[in-house]
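K.L.:
Protein chains in written order, with numbering that gives the first Met the number 0: chain D, 0 to 276; chain P, 0 to 276.
Just so you know, these hints were derived from the structure itself, not from any lab.
Do not take every clue at face value.
Heads up, the list lumps identical chains together, so a pair's fine if it works in one copy or across two of them.
[Unchecked claim] In the BS3-like style, the derived pairs of lysine-lysine whose C-alpha atoms are separated by at most 25 Å in a straight line are: (1) Lys230 <-> Lys205; (2) Lys255 <-> Lys29; (3) Lys205 <-> Lys81; (4) Lys101 <-> Lys210; (5) Lys81 <-> Lys210; (6) Lys101 <-> Lys117; (7) Lys174 <-> Lys230; (8) Lys230 <-> Lys81; (9) Lys210 <-> Lys174; (10) Lys174 <-> Lys205; (11) Lys29 <-> Lys6; (12) Lys210 <-> Lys230; (13) Lys101 <-> Lys205.
Number of protein chains: 2
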Amino acid sequence: MTGEDFKSANIILGEPNLIRDILPELPSLKWVQSTWAGVETLLGPGLRQDYHLTNVRGVFGRLMTEYVIGYLLFIERLMLQKIQAQQISRWDNTPPGTLYGKTLGLLGVGSIGSEIAKTAHHFGMNVLGFTLGSESSQYVDRYFHPPYENEFASLVDYLVVVLPITKKTYHLVDKDFLGSLPGGAILINVGRGSLIDDQALITSAKSGHLKACILDVFQEEPLSEGHPFWKIPNLFITYHTAALSYPEDIAPVFIKNYLLFFNDQPLLNNVNFLKGY
Amino acid sequence: MTGEDFKSANIILGEPNLIRDILPELPSLKWVQSTWAGVETLLGPGLRQDYHLTNVRGVFGRLMTEYVIGYLLFIERLMLQKIQAQQISRWDNTPPGTLYGKTLGLLGVGSIGSEIAKTAHHFGMNVLGFTLGSESSQYVDRYFHPPYENEFASLVDYLVVVLPITKKTYHLVDKDFLGSLPGGAILINVGRGSLIDDQALITSAKSGHLKACILDVFQEEPLSEGHPFWKIPNLFITYHTAALSYPEDIAPVFIKNYLLFFNDQPLLNNVNFLKGY
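Extracted from the complex, chain D is given alone in its bound form (with noise of 0.2 Å):
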């Protein structure tokens, strides 16, 4: 299929980088529905914004959740180490870590977030969050806003980031904000890549400041086979498959929306073009 094919409609439901390729080729362009959560590439200086953008909410946030938690426990409970032992038939009864009790700090609290919260909740840590403003989930025990990103980090135990990226966000994570979280801090990503200081990472990670990092998303993906992310024995790569677009988890979400348009109704999860999310 070519972007001709494309021209004459009013509706693009699909992945936004694909998108992005065929948007000045359609002239009747009333509505795009994105297959996923972040849409930064439809959002690039010079690209049109006369149309609804709507991207996809509330179904991520459970496969974040699960991926949050299983890394988490993956580390806390020392399951590389258990069965580097049993491969040498080694009986290693070090005794694992823990979640209860721990501070897991949000960097971003929209619908993904607050799912994470929901249940670090229920696994007894206390949560933090940072946001621009807003304080929307009742399972944050308390926020952080700027400037006070720096006293933020220092506060928690685990650092999951799941911020879109924008102007205001990128490398929010640098080598201030890395130095000022608590030594042996474990630090997930599954926001975008370069909310990240990439360098300022690899420093952290290899001097153990970070007791490990988790990482989904990378400033390119798939990473060059060359990348210094590859070797550092605490870095774990996921690929960009922490929470996939599902048709069965979609579907709802563009049928739900294009019963409103249809209807002239205001559509839901609208991407305010100029805030970035």
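Position chain P relative to chain D; hints supplied.
P.N.:
Okay, now just chain P, sitting in the frame of chain D:
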């Protein structure tokens, strides 16, 4: 310290396997507070039963729950496969699985099983429980009792074995039971080693009928060097660390019971010598 030092003791707080050895030498014994949940070593034939035996309940559920959820996510999210891909710099975006909508079967629903049920419910799982008769957890969607072991087994994606060991539960998970599990099931044993017939388990794991087994407890601990469990790729050993007895968890249990004992009140967490739990 020798057994001699304990001679005048009315109260013993400690590990059942150590207490067993000094049991005959305690003429004034009135009460034993075990630091573990499993007290079967104090229930063997010929052992005295002329004292109050209490165990620890309600504190291991939280740790066991983290263990169970952690290892289910470890398998579902293909964590080991993802690490192996990273070792050869291969971008492995194989879609992972999810807990949501799966059916977890609890073989045993006491205080630990109830906690696991609650969290399984939080993650959107269906929860089935097999017990000898009790039906106390509100988070179990459906209960099964003897002789419906195999019907229960046939309905679960995940089997979590969390029964105490008694004459009635010895080798409850045998060849028939394992054969009744659906292909691709995941088995976790946090109860006792002898709940499961090891030979049948080895066959079931090696054939791939079980996708994975995670074993915390064994008929002999530590496992002998030549034990076949060490070398089965889809069998993971966790060295009896699923829920360790931490002083900060055990002390409050003892203190509460000590105050009851001192005031001639009935103790909490009494073990019934006849039932064996």
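K.L.:
Does each hint hold? Answer for all of them.
P.N.:
So, going through the hints one by one against the coordinates:
1. Lys230 <-> Lys205: within (10 Å within a copy, 32 Å between copies)
2. Lys255 <-> Lys29: This pair counts as within: shortest intra-copy Cα distance 16 Å, inter-copy 68 Å.
3. Lys205 <-> Lys81: both (22 Å within a copy, 20 Å between copies)
4. Lys101 <-> Lys210: Result: close within a single copy only, 14 Å intra versus 32 Å inter.
5. Lys81 <-> Lys210: The answer is both: 17 Å in one copy and 19 Å across copies each meet 25 Å.
6. Lys101 <-> Lys117: both (14 Å within a copy, 20 Å between copies)
7. Lys174 <-> Lys230: within (21 Å within a copy, 43 Å between copies)
8. Lys230 <-> Lys81: Result: close both inside a copy and across copies, 21 Å intra and 13 Å inter.
9. Lys210 <-> Lys174: within (16 Å within a copy, 42 Å between copies)
10. Lys174 <-> Lys205: within (13 Å within a copy, 48 Å between copies)
11. Lys29 <-> Lys6: within (12 Å within a copy, 87 Å between copies)
12. Lys210 <-> Lys230: Intra 15 Å, inter 29 Å, cutoff 25 Å: intra-copy only.
13. Lys101 <-> Lys205: within (23 Å within a copy, 38 Å between copies)
The structure shown violates none of the earlier numbered hints.
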